[in-house]
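Asks: Under the UniProt record's numbering, think of the first position of the sequence shown as 1, with each following residue one higher.
Accuracy of the hints is not assured; some may be wrong.
Label pairs and their calculated CB-CB ranges [claimed, not checked]:
#  : residue 1 : residue 2 : range
1  : R154      : A129      : 17 to 23 angstroms
2  : W161      : G43       : 35 to 41 angstroms
3  : T25       : R126      : 38 to 44 angstroms
4  : G30       : D119      : 41 to 47 angstroms
5  : V168      : T13       : 43 to 49 angstroms
6  : P153      : M56       : 19 to 25 angstroms
7  : R35       : R91       : 18 to 24 angstroms
8  : L7        : R91       : 22 to 28 angstroms
9  : T25       : G146      : 16 to 22 angstroms
10 : Q36       : A129      : 18 to 24 angstroms
11 : A129      : I3        : 40 to 46 angstroms
Hints in this document: simulated from the structure, not taken from any laboratory.
In this text the structure is predicted, and so the values were computed from the model without any measurement.
Idealized CB from N, CA, C, for every residue including glycine.
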Amino acid sequence: MDIAFALTGLLLTWPLFVLIALCVTAQDGGAAIFRQQRIGRDGRLFDCLKFRSMRMGAEQALPSASDPEWQAMRKLTRDPRVTPLGRLLRRSSLDELPQLINVLRGEMALVGPRPIVIDEAARYGRRLADYCAVPPGLTGLWQVSGRNAVPYPRRVAMDVWFVRNRTVGIYLAILARTVPAVLSRRGVS
């Protein structure tokens with residue numbers, strides 16, 4: 001099901017995919033696709049793909065570890081590293097469109113816990129085993145339940161609940177709630 005939906009999604013959006021890639025490259029000449037190592041199923045690392053939404057070199061300019069917002073959410077509401085085009089891509093979730101390729105490669109599913117970076121593994125503690133039991137998803141329960149407005153501990157609890165209770169019905173319900181959640185922009189920073 002994941003492969004069929006991802007392939008259909010790519011076929012339907014390829015003109016948009018090309019347009020976004022051209023716009024991202026045109027803004028500063030940098031690469032259109034950003035690759036970042038994330039933790040996948042069984043703890044294997046993979047390159048998670050996104051359209052680049054930050055200025056070049058943003059990885060070296062991470063927020064201060066003492067920033068309370070960064071510590072609580074692992075995101076900043078007004079991140080100075082994000083480009084104007086990047087803000088638009090993030091608000092519309094179009095920055096995640098390349099993750100359909102991750103789904104086709106078997107590194108991700110359409111629905112599951114959102115992929116985390118190695119530094120976030122400690123936040124899962126003993127629950128990391130639950131996170132690693134399934135492939136990370138393009139969308140997930142916390143995304144359709146408020147996205148960035150959901151505190152990190154609640155996000156972890158939602159990921160664990162999904163893994164322990166997943167059924168085809170829950171999977172399809174989350175998929176169905178994704179488009180309205182993206183369009184409403186609730187919880188988007």
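Asks: Under the constraints set out in the numbered hints, which ones does this structure not fulfil?
Replies: Hints 2, 4, 5, 6, 9, 11 are the ones this structure does not satisfy, whereas the remaining hints hold.
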